[in-house]
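**Student:** Sequence:
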Amino acid sequence: MSYGKRAKTTNASAPVIKFSDRNKLGQPVGKELAEVSFVDLFNKGNGAILAKFEKSFGEYKMPMGVECMADEVIVCNMNNGTVEFTDFDGTVSLTLPNEATGGPKTFDSPALATLLLDGRIICGDKKGIHIYDSDGVFIKTVKPATTSGGGVYGVVPLRENGGSMLVICEEDRGEIIKFVVYDKDFDNVLKSNKVDFPGSSSQRKTIRFSAGLGNMIALSDMNKFSQGIWLCDTNGNIRQKVGDSQGENDGQFVQAAGVCFDKDGNFLAICSKSSRIMAFRANGDYLCSIQFPEGAIQRPSALAINDNNDMSVVSLAGQCFMFKLQPGDPSAAHPTRGPRPERGYHVLGRNNRGGRGGGRGRGSDRGRGGRGGFRGRGRGGERGSFRPRY
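Going by the UniProt record's numbering, the first residue of the sequence shown is number 1, and it counts up by one from there.
Just so you know, the hints here were simulated from the structure itself, not pulled from any lab data.
Among these hints, one or two may not hold up.
[To be verified] Here are the simulated lysine-lysine pairs, BS3-like style, with alpha carbons at most 25 Å apart: (1) Lys184 <-> Lys194; (2) Lys31 <-> Lys224; (3) Lys127 <-> Lys44; (4) Lys44 <-> Lys224; (5) Lys224 <-> Lys126.
[To be verified] Distance windows between CB atoms, simulated: (6) Lys52 <-> Ala145: 37 to 47 Å; (7) Asn237 <-> Asn23: 48 to 58 Å; (8) Ala34 <-> Ala333: 16 to 26 Å; (9) Tyr286 <-> Lys44: 44 to 54 Å; (10) Pro341 <-> Asp285: 46 to 56 Å; (11) Ala332 <-> Tyr286: 14 to 24 Å; (12) Gly199 <-> Glu99: 18 to 28 Å.
Heads up, the beta-carbon is just placed ideally off N, CA and C, and yes, glycines get one too.
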């Protein structure tokens, strides 16, 4: 297991780079969208975005992470201890870890996985970052030394420094969140910064989902006192907070979860307990809640999108859902959320505890393509038979 050489901590502000100018930062090393714009879909839909149901599949155990490539989906099957690669019909082509390719015998609650442009597979769990080649052969495990009393909850490929990897680490059960940036081979630590959240330094954060584009990082905070999305630079300086308090109004979160960017820095963010997926502009302004004509997904946890407007969403109920994003219709009475619990959502009570009624909830050849056609690990076979659970 590698810890990498340590670097000094510095929180110098990173300059704000327009998303259209992100080539100034260098060449991409990970997936970046080149075609999809949530604002364009919103405008064409006269103020609405619709998710057309395509199919669903899987019997996962608490899936908490997903990635959507051009022809493949990666699901982090958390309570099963595996990361699974499937086609859009749910046919599994690769499962990690496995004895044939080496590495850990099992993952410890895996919640993140992605592919790099060079074909490497990055998986993250409570024990660190596990790196595999394009065929799923184990390369090494990297565990940041700063995760004592915490864990790893995100990896964002950066263009900076000729390509680098930002690892989001928790210390002391959420009292400290750090960005540890490695070179693209995970050999050396280039910088390590504590995220400079405003307010009391002792207030814990619960960062479990993240995304990045250019030098902007989005952190999804599930803490009851700071629900929402923190937008910050790669040095950990907060630029903006989306979601002013815990709530179910437009732009608010009862339980913030997965987040993903489009090509322009606009983003989608999940509120899991209210079963909503909301769209925001790059500056954090609320656009709309996604319309689901067939019914909203119950307890979504993570989402991802590709440049063909295919959106993958995993649910705590145990399935992966495939949708096609398209302009919506604000005059249509399509659902945008799940049903409210009879006694309302989880509300803070005595000793910060919630009241009752709250929701509980590969083939060897990898097509690389450009950023707009980032491909997966192979094509699938027969169509899945699972129907959606709404």
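**Student:** Name the hints, by number, that the structure is in violation of.
**Tutor:** Checked against the structure, the hints that fail are numbers 2, 3, 4, 7, 8, 9, 10, 12, while the rest are satisfied.
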